[in-house]
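Number of protein chains: 4
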Amino acid sequence: MIDELQAGMGELNEKLGVVFVEATPERVVATMPVEGNRQPYGLLHGGASVALAESLGSTLAALNCPPDRIAVGIEINATHHRSALSGLVTAVSTPLNVGRTLVTSETVVRDDQDRRVCTVRLTCMLRENR
Amino acid sequence: MIDELQAGMGELNEKLGVVFVEATPERVVATMPVEGNRQPYGLLHGGASVALAESLGSTLAALNCPPDRIAVGIEINATHHRSALSGLVTAVSTPLNVGRTLVTSETVVRDDQDRRVCTVRLTCMLRENR
Amino acid sequence: MIDELQAGMGELNEKLGVVFVEATPERVVATMPVEGNRQPYGLLHGGASVALAESLGSTLAALNCPPDRIAVGIEINATHHRSALSGLVTAVSTPLNVGRTLVTSETVVRDDQDRRVCTVRLTCMLRENR
Amino acid sequence: MIDELQAGMGELNEKLGVVFVEATPERVVATMPVEGNRQPYGLLHGGASVALAESLGSTLAALNCPPDRIAVGIEINATHHRSALSGLVTAVSTPLNVGRTLVTSETVVRDDQDRRVCTVRLTCMLRENR
Chain A
1 MIDELQAGMG ELNEKLGVVF VEATPERVVA TMPVEGNRQP YGLLHGGASV ALAESLGSTL
61 AALNCPPDRI AVGIEINATH HRSALSGLVT AVSTPLNVGR TLVTSETVVR DDQDRRVCTV
121 RLTCMLRENR
Chain B
1 MIDELQAGMG ELNEKLGVVF VEATPERVVA TMPVEGNRQP YGLLHGGASV ALAESLGSTL
61 AALNCPPDRI AVGIEINATH HRSALSGLVT AVSTPLNVGR TLVTSETVVR DDQDRRVCTV
121 RLTCMLRENR
Chain C
1 MIDELQAGMG ELNEKLGVVF VEATPERVVA TMPVEGNRQP YGLLHGGASV ALAESLGSTL
61 AALNCPPDRI AVGIEINATH HRSALSGLVT AVSTPLNVGR TLVTSETVVR DDQDRRVCTV
121 RLTCMLRENR
Chain D
1 MIDELQAGMG ELNEKLGVVF VEATPERVVA TMPVEGNRQP YGLLHGGASV ALAESLGSTL
61 AALNCPPDRI AVGIEINATH HRSALSGLVT AVSTPLNVGR TLVTSETVVR DDQDRRVCTV
121 RLTCMLRENR
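Which chain is which? The protein sequence lines are A, B, C and D, in order. Everything in the first sequence is counted per my numbering, starting at 1 for the first residue and increasing by one. Everything in the second sequence is counted per my numbering, starting at 1 for the first residue and increasing by one. Everything in the third sequence is counted per my numbering, starting at 1 for the first residue and increasing by one. Everything in the fourth sequence is counted per my numbering, starting at 1 for the first residue and increasing by one.
Next comes chain A alone, as it looks inside the complex (with noise of 0.2 angstroms):
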């Protein structure tokens, strides 16, 4: 599962260097490296955060979708507590809520002393699979 997972993450996950640690219904994990993913600061760049909860949510909502149904994101917000500034970050995906038309995911991202960098909430929509 997670071998798949990883082999289909496709291009922007590979770049940013992704790892994915654990994926079920439940609960999406994942790591990824500040270095190669900074802004012009030195810093993780907070979009590189937000892209890593898109993708573990995503797979969240994927894994609580209907088989005739593919999940779409429709709307994210973040807020940035702190800048991680080497290392990895670790990403933690868990379900708010899980509808039949929405699926809502809550990502906390901590860095490697365990703090927090970032909250993300996603919802994504269950759309038929045209």
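Hint data in this document are derived by calculation from the structure and do not stem from the laboratory. Every value quoted in this text rests on a predicted model; they were computed, and no experiment measured them. Errors might be hidden in some of the hints.
Any copy, or any two copies together, can satisfy a pair, since identical chains are not distinguished.
Said to hold, decoys possible - Each computed SDA-like pair below joins lysine to any residue, with the alpha-carbon atoms no more than 25 angstroms apart:
1) Lys15 - Pro33
2) Lys15 - Leu5
3) Lys15 - Thr94
4) Lys15 - Arg27
5) Lys15 - Met1
6) Lys15 - Thr101
7) Lys15 - Asn97
8) Lys15 - Leu63
9) Lys15 - Arg100
10) Lys15 - Asp111
11) Lys15 - Ile70
12) Lys15 - Leu88
13) Lys15 - Val108
Chain A is already provided as a structure; the job is to place chains B, C and D on it using the hints.
Relative to chain A, chains B, C and D alone:
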């Protein structure tokens, strides 16, 4: 100005293929290719749109920031209106409010048929540069 | 049209003192008094701005909704730019994107000196009316 | 403490019928009736949930604020998961991150069958009290 910005735009923007087109305190514009930034279904990854917008909104805030301060993104939210499939997307970032401590921008990402792909609002805090 | 909207605007809007001024599929405008809607420090409660915007954005979505569907708010976000102290605030809501299933609006709330108090984005889902 | 908070909660909270149940720096809880806070379809107005959450999150920030500062809400976002039809809703607000300048809280609003109605994240800035 644009050359300097482009040269110093940092690792993540380089990976994403961001090209700055315009940068003033009133308006920042950049493009990004869909190819290379896709998610597993072959569409532009929503997180790439958000990362692009965070780059532009942060640049806009920096251009509105006194020299003894730096702009740090604290809150970002995005609505994904439609998928982008190919070509370039173009993002335009404009200020909604420029305060002493907080600068809020809106960024609109459009596909190469000028359809709205994503709307993003970013608030940056202007912190003392330690 | 405006009279009908005003008469049927519901309990919360009545309490808040919302007065609809304009309502078309392209633009909804309303006012609300600061007095009566303040928080403990004597400023307009931020939640009042958000509630006003949710009313306007929902009205806008309803005006863009086919007759067999109803518009239901699913996601809202707001940036509070400055405090409002007295008089009326005026909110203007316009569509950012009108899709088959989702309608996203932006509402700007201004004080009576025309200063931007709050920016709100609301996404409504157009559901079947059961 | 709760009595003082209740007595000084301000006009909007009074109108909404907010009743504080618990208030510590780690957790603020309050109830609000659906009746009196409905939108035209007879459901709890989404803006009432958001206003309730802004009250609780601001109270939580104030309880985590040094005495020479005041907490001001700057960014709020909410996902509406389901409608509330009758009875009371109960909101529980907890801190996600307490920094020197910014306090971020999460508030979950549930109906009287303990179903999640709304999830809200609020960031307050701790400003000097002028």
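### Query
Under a CA distance limit of 25 angstroms, which applies to Lys15 and Ile70: within one copy, between copies, both, or neither?
This pair counts as within: shortest intra-copy Cα distance 24 angstroms, inter-copy 28 angstroms.
### Query
Given identical chains, is Lys15 near Pro33, meaning Cα to Cα at most 25 angstroms, within a copy, between copies, both, or neither?
Intra 11 angstroms, inter 14 angstroms, cutoff 25 angstroms: intra and inter.
### Identical-chain pair category, Lys15 with Asp111, by Cα at 25 angstroms
both (19 angstroms within a copy, 22 angstroms between copies)
### Query
When no copy is specified for Lys15 and Leu63, does a C-alpha distance of 25 angstroms or less occur within a copy, between copies, both, or neither?
within (23 angstroms within a copy, 29 angstroms between copies)
### Query
Is it within, between, both, or neither for Lys15 and Met1, if the alpha carbons may be no more than 25 angstroms apart?
Within. Shortest intra-copy distance 21 angstroms satisfies the 25 angstroms Cα cut-off; inter-copy 28 angstroms does not.
### Message
At most 25 angstroms between alpha carbons: which applies to Lys15 and Leu5, within, between, both or neither?
### Response
both (15 angstroms within a copy, 22 angstroms between copies)
### Copy assignment of Lys15 with Arg27, given that the CA separation must stay at most 25 angstroms
within (23 angstroms within a copy, 29 angstroms between copies)
### Message
One pair to classify: Lys15 and Thr94, alpha carbons no more than 25 angstroms apart. Within, between, both, or neither?
### Response
within (24 angstroms within a copy, 29 angstroms between copies)
### Message
Treating 25 angstroms as the Cα threshold, decide for Lys15 and Asn97: within, between, both or neither.
### Response
neither (30 angstroms within a copy, 30 angstroms between copies)
### Task
Pop the pair Lys15 and Leu88 into one bin, within, between, both or neither, using alpha-carbon distances up to 25 angstroms.
both (15 angstroms within a copy, 18 angstroms between copies)
### Task
State whether the alpha carbon distance between Lys15 and Val108 is at most 25 angstroms within one copy, between copies, both, or neither.
Both: 21 angstroms inside a chain and 24 angstroms across chains, each within 25 angstroms.
### Task
Indicate which option fits the pair Lys15, Arg100 if close means a Cα-Cα distance not exceeding 25 angstroms: within, between, both or neither.
This pair counts as neither: shortest intra-copy Cα distance 33 angstroms, inter-copy 34 angstroms.
Of the numbered hints stated above, those contradicted by the structure are hints 6, 7 and 9, listed in ascending order.
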